[in-house]
Each structure stands twice: as structure tokens, then as C-alpha cells.
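K.L.:
So the sequence lines, in the order shown, correspond to chains H and Y.
Each residue of the first sequence is one higher than the one before, starting from 1 at the first, in this note's numbering.
Each residue of the second sequence is one higher than the one before, starting from 1 at the first, in this note's numbering.
None of these hints come from the bench; they were simulated from the model.
A few of these clues could be false.
As the list claims (entries may be wrong) - To list a few chain H residues with every Cβ distance to chain Y over 12 angstroms, as calculated: (1) 20; (2) 22; (3) 94; (4) 131; (5) 175; (6) 182; (7) 201; (8) 254; (9) 272; (10) 279; (11) 287; (12) 355; (13) 365; (14) 376.
Unchecked claim - If you anchor each label on the Cβ, the simulated ranges turn out as follows: (15) H:286 <-> Y:21: 50 to 60 angstroms; (16) H:2 <-> Y:130: 16 to 26 angstroms; (17) Y:81 <-> H:281: 43 to 53 angstroms; (18) Y:67 <-> H:407: 22 to 32 angstroms; (19) H:293 <-> Y:81: 36 to 46 angstroms; (20) H:408 <-> Y:165: 22 to 32 angstroms; (21) H:395 <-> Y:65: 29 to 39 angstroms.
Stated by the list, open to error - Away from chain H, derived, C-beta distances all over 12 angstroms, residues of chain Y: (22) 14; (23) 22; (24) 141; (25) 188; (26) 192; (27) 197; (28) 206; (29) 214.
None of these values were measured; they are calculated from a predicted model.
Note that the Cβ used here is the ideal one computed from N, Cα and C, for glycine as well.
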Amino acid sequence: MNPLLTFRLALRALLRNKMRSFLTMLGIIIGVSAVIAMVAIGEGAKAQVEKSFAAMGTSLLIVMPGSSSSGGARGGFGSQPTLTWDDLKAIQTEVSSVKSAAPVLRSSAQLVSEDQNWTTTVQGTTPSYFDIRTWSMASGTGLTQSDVDGGGTKVIVLGQTVASRLFGSGDPVGQVVRIKNTPFQVVGVLEVKGQSPTGQDYDDGAFVPVTTFQSKIQGGLQKYLSGTIFVSAVSSADTSRAQTAVTNLLRDRHRIPTGADDDFSIRNLTEIAGAQQEGTKTMTTLLASIAFVSLVVGGIGIMNIMLVSVTERTREIGVRMAVGAKPHHILAQFLVEALTLSLLGGLLGVAIGIGGGAWLAAKFAWPILVRPDIVGISVVFSAMVGVCFGLYPARKASLLDPIEALRYE
Amino acid sequence: MSNSQALLELDAVTKTYHLGDLPVQVLHGVSLRVEPGESVAIMGASGSGKSTLMNILGCLDKPSSGHYMLGGRDVSRLNRGELAEVRNRTIGFVFQNFNLLSRTSAIENVELPLIYAGVGTRERTRRAKSSLERVGLADRLDHHPSQLSGGQQQRVAVARALVTSPKLILADEPTGNLDSRTSVEIMALFQELGDSGITVVLVTHENDIAAYARRVIVLKDGLIQDDHRQEPVRAELPPPVMAEVKTA
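Make the full structure from the sequences, and use the hints.
P.N.:
Quick look at the structure:
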């Protein structure tokens, strides 16, 4: 007896009780559509987090100076400059797992163009910074090493937000902006970077050579680096190794005895990103396991109906056996019916899950991501539910005594 | 009795059921030979063991002791699957209550044994059609049992029994649910099958039905009480459909 025929017979048997078959499938439909929709939403959220961390830069470490402590009042990190320019040089040259490092000095300043002004964060840095952040120019050449070495070239690179605030749709490259009455020539506009995971606009900023920053904007201590150091590891896998190496190097350079606290701190953004992803993963797992439970409940529904069906059709089973159906034919018949129910339910569930996910996404502006592997797993799993829960009723049917089955009223 | 191979041969067959711990012996050693082409009526009061004997003859049940040779093969020790195969190939059943699948067309009912015999779709349809034609229902192929009269339903059942070209047709009270006129029609059909060489064994408690058979076996308390041959009554009053078939 070929499988196609068995399947056709099963389909016909199920169509005889359309409403009942549909209600039986409902458990599986709800289970599978819940899995698909939940995972799609979870994955969408994860992808969004990943995107925002990727914008921040992968394999990124931020070294911040330590806290000051005067009269028992302790300032936060960065309240006391402890990092020196020599530290920066040492990180660049002495740590093998570090690809590059760049100083970032910040100050809020008002930028003035011919007819507009905009207050933003001006940052003094080196060309390496843009490599570390994997941030390239939309137009213009950007900062060069000679701008930094020259000890005060008055050039500036604008973020997209700043560029549009000051120059509208025109091209700012070659134009002049003034900071504290000092004219800076715009040598580049950065590409759109988007938002940080906390919603801060990366594009609302401007960059000048770090030496120029010190002489024209901030002034101050020459020995100490009164900002942070952005460090990129050679690869994202090397990030924590680089973190340890930089920590050891700085402790060594700052002569911190064993057991004493660091006078600096290092933020590992890959770790933060990982923690965020763990969070969404936990949520996805939680939602998926609730959906999984409803699949199992759906399976029990199938078993229940199949048992009713076997009892109802006892006489039919007897007739089939009398005319030559072997036990395995009967087993296959009921197993395929259960499988058809669950598989059909699974496929309907996939359709509803994708549709429902898309609808939620549109309604609440959530990002969704339908993972084909989850769709496949759901369908296979619902088929397995059908087989597992259909096995007992089918076996019961196949073990019926033909004489008693024929006599059954 | 001829020495040629019997179609079915029972040798000291007993059957004991166990109702809880209590053994109840229903057949007390039945020996019986039926030659190919015979038409046999098994009679007996209720409780005489005729249903049990029927189930054993039909390979639906196994004897507790003794041997049952069907077509030269000992089938008394076969397992469920093997018995199903024997039923499928050698035996056609006709039941008192027709036992057709409801909400299933006549032709599909008749095709059922062929499905389990592994016959392909086209051959199945062809054979089911010709079997239904043989019982005079060529124009009722797509009717469901609920759309057919009792006599027509029993004809579909006969067609289903015939479709595998069995050596033996077992009919358990085939006219029990039919009026007398329809009963005669069905008996005429059985006689016609007998004439074409098929062995027909029917169980009945009605003397006028047994009268159509060539041989009558009477069972009492699990033993054969009487076994005699007779000149059968011809089933008269051929219905119009039958006449058509005969001239065809």
C-alpha cells in the first residue's frame, strides 16, 4: 500500500469531520504560530541591538581615567586625569593584541558658519579614531596624521547632523566654521552612523586634530591626556585579551601595587553588547518555551481526538481487517491521520505566525526577522508531535481483535 | 468422498475461551472436509458454536487445538499478519449487517480488499467495476451505502467479497437483515457463484435458506450433529437486474 494512497485516505477521513479536524489542529496552529511570531520578534530585537553595537564599533575598548578623591568625596571616573600621552603611546606600541588606539578629548562648543550656529560636542582625536570606529568620510579627505603632528592645523570634520544644521543641503567641505572665533576649515563630512544603544546621536559631533583641540579649544595640562582612549583589538575575539593586556600595562606604568584599585577603568563594549544579546536571547527562549508547551498541549488534543476516532471507527477497523488489512496497515492509517493533522496545523501555524508577526511589526513598529531554520524546525517538530501522540491511538487500533471490532455497535 | 485435495479441512478442531479464570469450551472437536465448488449451509441454534466455527473458517480466529487446512495449507498457527493475508487472498466475507464503510461510495467499498492486496489504482478500479457489474450494480458505482436499499448494500458486499477472486465465500446470516423477496435474490446470486465454481459456506438458522445449499451441516453443543447432502431448491423469481446480467 503506497504512502500517497495512505495519505489520501487519511485526508479524506479528516475531511469527513471538518470542524473536528480544524479544532484538533488549532492547538498545533496556535503553538507553531506563537513560536514563529515570538522568535521573529525576538530575533528582530536582537538584530537591532546588534546593529546599534556594530555602529559603535566592534572589538572596542574605552580606557577612562580614574577618579579623584579629595577629603573623602570621591569623583566619578574621569574626574582626575591619570592617563598620560606616554600611556597612549605605550598602548599603541607595546600591546600585541591592540590594533590601534586614539585619544578622545571632548568639549562642548558652539560652531558658527556664515549664517547658522550649532552647539555640539567637539572632539580632539587622531585619524586612527575613525578606523577604530569603522567610520568613513561621506565627502572630503578627513583628518590626516600631519594635521595632528603639525601641532595645530585648524581643520575640522563634521558629523552629518552638524553638517546639515550649519550648511543645510550644501556641501560643507572647503567652507569655514568658527569655534571661539577661531576659523576651522571643513575637510570632511562623516557618513551617517546612527544612534548609540542608549539613543545618543553619533552624528551630532565634530572632530578636530587632538593637538589643535588642546591649543585652541581646551588648553590645559600637556602631560596628562584629559579625555579617554579608544582602543581596538586586532579582532573581536581578542577583545578581552587586549583588555587584560592594557590593564596590566597601565597598572605597571602607573606603579599600582598588587591588590590596590586601578586608577583607570576599561569598558569592554563587546561584553556590553554580549550582555544585551543575552537579554534578548533569554526573552526569545522564554517565549519559545511557552509556545513549545502549547505545541505539546496541541499534541495531547490530537491524541484525544484520535482515541475518540479509533473508538468511533472500531467497526470500520474490523471490516478493513476482515478484508485483509494487516495490523501495520491500520497502524499506518491512523498514524498518517495524526501526522496529517499536525503537519497541516504546523503549516497553517507557519503562515499565521509570519502573517501575525508582520502585522505586529507594522502596528507597533517592531523589527521582525523570520528565521527559516525556526520555520523548518517548527514544521518538523509539529510533525513529530503528531507521530508521538498519534502512536498510542494508532497502536490501539492495530491491536483490535477483528471479531470484536466487527461486532462493535 | 473424493481423494482430491479438499478446499478446507478441519481436523479435531476445538476452541476454548477464557472468561476470566473460567475456561468455556465452545467447539469440542469438529472435523470437516469441504471440496472445491461445494455449497454448504451451517446451521445450529444460538450457542451451538456456529459463529465460532465461522470465525475459524474465516481465519479471523485460531483453533485452540486441532488443525485447519485451507487450500492445502495449515493456517491454524499463523500470526495476525499472515492470517490477514490469507483472508485477503483466499476468502471473501459477506456479513449479516453488510459492514460497508459509510460515506464511502460502492466502488470504493469494493476496492478495499484490493488496496490491501497492493493492486494499482487503474487495475483496482477495473476489477471493482467488473465485480459490481457481476452483481448487477453497474449503475450504482458512486452511490453511498445510505443511498442504497438493503438488498443493494448486500450486493455491494458480495461484490467486495468477489473482487479478489477468492476460492471461498463465507456468508454469515447474509439474509438476516433482508425481506424474503430480497433474500431470494441474494440466494440466487450465491447459487450463481456456486455454479461458477466458487465454494460458498453460509451460516444460517433459517431452514428455507439452508434449503438452497447442496450440503447442510448441523451443529449442536460444539459438535457436528448432522451432515447431509440434498438436492438444493433453485432460487426462483430472478429479479429484473439478475435477468439483465444473465443475458449480458
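K.L.:
Each hint should be assessed against the structure and marked as holding or not.
P.N.:
Hint by hint, here is what the structure shows:
At the 12 angstroms boundary, the C-beta of residue 20 of chain H stays outside the reach of chain Y, the nearest C-beta of that chain being 14 angstroms off. Distance to chain Y confirms residue 22 of chain H as a non-interface residue, since its nearest Cβ pair spans about 18 angstroms, more than 12 angstroms. Once the 12 angstroms rule is applied to beta carbons, residue 94 of chain H is consistent with being away from chain Y; the minimum gap is 80 angstroms. With a minimum CB-CB distance of about 70 angstroms to chain Y, residue 131 of chain H clears the 12 angstroms threshold, and the non-interface call stands.
Separation of residue 175 of chain H from chain Y is adequate, the least Cβ-Cβ distance of about 82 angstroms exceeding the 12 angstroms criterion. For residue 182 of chain H, the non-interface assignment is confirmed: its Cβ lies about 92 angstroms from the closest Cβ of chain Y, beyond the 12 angstroms cut-off. Distance check on residue 201 of chain H: its Cβ is at least 69 angstroms (rounded) from any Cβ of chain Y, clearing the 12 angstroms threshold; non-interface status holds. Once the 12 angstroms rule is applied to beta carbons, residue 254 of chain H is consistent with being away from chain Y; the minimum gap is 85 angstroms.
Every CB of chain Y is more than 12 angstroms from the CB of residue 272 of chain H (nearest about 65 angstroms), matching its label as outside the interface. A cut-off of 12 angstroms between C-beta atoms confirms that residue 279 of chain H is not in contact with chain Y; the least separation is 55 angstroms. Residue placement check: residue 287 of chain H keeps its beta carbon more than 12 angstroms from all beta carbons of chain Y (closest about 43 angstroms). Every CB of chain Y is more than 12 angstroms from the CB of residue 355 of chain H (nearest about 34 angstroms), matching its label as outside the interface.
With a cut of 12 angstroms on Cβ distances, residue 365 of chain H stays outside the contact zone with chain Y, its closest approach being about 51 angstroms. Here residue 376 of chain H stays apart from chain Y, with its beta-carbon at least about 33 angstroms from theirs, past the 12 angstroms limit. Against the hinted window of 50 to 60 angstroms, the Cβ-Cβ separation of residue 286 of chain H and residue 21 of chain Y comes to about 56 angstroms, which satisfies the hint. The beta-carbon spacing between residue 2 of chain H and residue 130 of chain Y, approximately 23 angstroms, falls within the hinted interval of 16 to 26 angstroms.
Here the CB-CB span from residue 81 of chain Y to residue 281 of chain H is close to 51 angstroms, well matched to the stated 43 to 53 angstroms. The hint said 22 to 32 angstroms for the Cβ distance between residue 67 of chain Y and residue 407 of chain H, and at roughly 26 angstroms that hint holds. Roughly 39 angstroms separates the CB atoms of residue 293 of chain H and residue 81 of chain Y, a value that falls within the hinted 36 to 46 angstroms. Remark: the range hint 22 to 32 angstroms for residue 408 of chain H to residue 165 of chain Y is upheld by a beta-carbon distance near 29 angstroms.
Against the hinted window of 29 to 39 angstroms, the Cβ-Cβ separation of residue 395 of chain H and residue 65 of chain Y comes to about 30 angstroms, which satisfies the hint. Consistency note on residue 14 of chain Y: stated as away from chain H, and its beta-carbon is indeed over 12 angstroms from all of that chain's, at 17 angstroms minimum. Every CB of chain H lies more than 12 angstroms from the CB of residue 22 of chain Y, the least distance being 19 angstroms, so the non-interface label holds. Annotated as non-interface, residue 141 of chain Y keeps its C-beta farther than 12 angstroms from every C-beta of chain H; the closest such distance is 17 angstroms.
With a least CB separation of 24 angstroms from chain H, residue 188 of chain Y remains clear of the 12 angstroms interface cut-off, as annotated. Listed as a non-interface residue, residue 192 of chain Y keeps its Cβ farther than 12 angstroms from every Cβ of chain H; the least gap is roughly 22 angstroms. For residue 197 of chain Y, the condition that its CB be more than 12 angstroms from all CB atoms of chain H holds, with the nearest at approximately 22 angstroms. Taking the minimum C-beta to C-beta distance to chain H, about 21 angstroms, the non-interface status of residue 206 of chain Y holds against the 12 angstroms cut.
With a cut of 12 angstroms on Cβ distances, residue 214 of chain Y stays outside the contact zone with chain H, its closest approach being about 26 angstroms.
Comparing the model with each earlier hint shows no violations; every hint is respected.
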